[in-house]
Amino acid sequence: AQKVTQAQTEISVVEKEDVTLDCVYETRDTTYYLFWYKQPPSGELVFLIRRNSFDEQNEISGRYSWNFQKSTSSFNFTITASQVVDSAVYFCALSPRYGGSQGNLIFGKGTKLSVKP
Amino acid sequence: DGGITQSPKYLFRKEGQNVTLSCEQNLNHDAMYWYRQDPGQGLRLIYYSQIVNDFQKGDIAEGYSVSREKKESFPLTVTSAQKNPTAFYLCASRGVLIAGGLETQYFGPGTRLLVL
Chain X
1 AQKVTQAQTE ISVVEKEDVT LDCVYETRDT TYYLFWYKQP PSGELVFLIR RNSFDEQNEI
61 SGRYSWNFQK STSSFNFTIT ASQVVDSAVY FCALSPRYGG SQGNLIFGKG TKLSVKP
Chain C
118 DGGITQSPKY LFRKEGQNVT LSCEQNLNHD AMYWYRQDPG QGLRLIYYSQ IVNDFQKGDI
178 AEGYSVSREK KESFPLTVTS AQKNPTAFYL CASRGVLIAG GLETQYFGPG TRLLVL
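Protein chains in written order, with my numbering: chain X, 1 to 117; chain C, 118 to 233.
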């Protein structure tokens, strides 16, 4: 079975703090994709990143960075110097690369991040 | 502007009524999806369509129906058989935004369905 676990339900930080959102996944597939999405209060899901299972290179985009570790089945997301605009619910998701459900996303339950001024 | 549109933004359903949620995309994507989100929960897959005139049930298809007659459109009907329809419904399409880009699901703004 495939599953995504985001153990942190809610996190609250003060502006300029660094924060890491955890994501652990389960899959029997050898090739798959991992994603992070942001859901601001407006409700629309905004795509942040896609990572292939064969590419364990960490990624940095501005204040955002992602740490993919296949050995621990984790794909953690760090926001450096958080800002109030980062307040949102963040979802981690898993997608098989092949098969009938290719491209389908399995979502974690999300982590609500509140950044206070 | 390319993107995914959903209408209406809010929808009210009376007991025993069927309602249809609209989802349109002009991204030229083949695959489209419907998800349901309940408060404090992740997204659960209702139906998906990999290509025109074909669709598959997701994890929670009971009480819902879809059609895919055109590439651009994937409407979702919430039938009277769905006893707890109050939720936020999100539509997505899967593909690339620019040539050579990574294939990803992109989401519409959502429809909030409430039961009167």
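Treat the hints with care, since some could be wrong.
Stretches of chain X that chain C covers, calculated by requiring three or more beta carbons in the stretch to come under 8 Å of a beta carbon on chain C [unchecked claim]:
| # | segment |
| --- | --- |
| 1 | 34-47 |
| 2 | 65-72 |
Pairwise CB distance ranges (calculated) [to be verified]:
| # | chain 1 | residue 1 | chain 2 | residue 2 | range |
| --- | --- | --- | --- | --- | --- |
| 3 | C | 184 | X | 57 | 40 to 50 Å |
| 4 | X | 73 | C | 174 | 26 to 36 Å |
| 5 | X | 117 | C | 171 | 47 to 57 Å |
Read the hints as simulated data drawn from the structure, not as lab findings. Cβ atoms here follow ideal geometry from the backbone N, Cα and C, with glycine treated the same way.
Would you pick out the hints that fail for this structure and give their numbers low to high? 2
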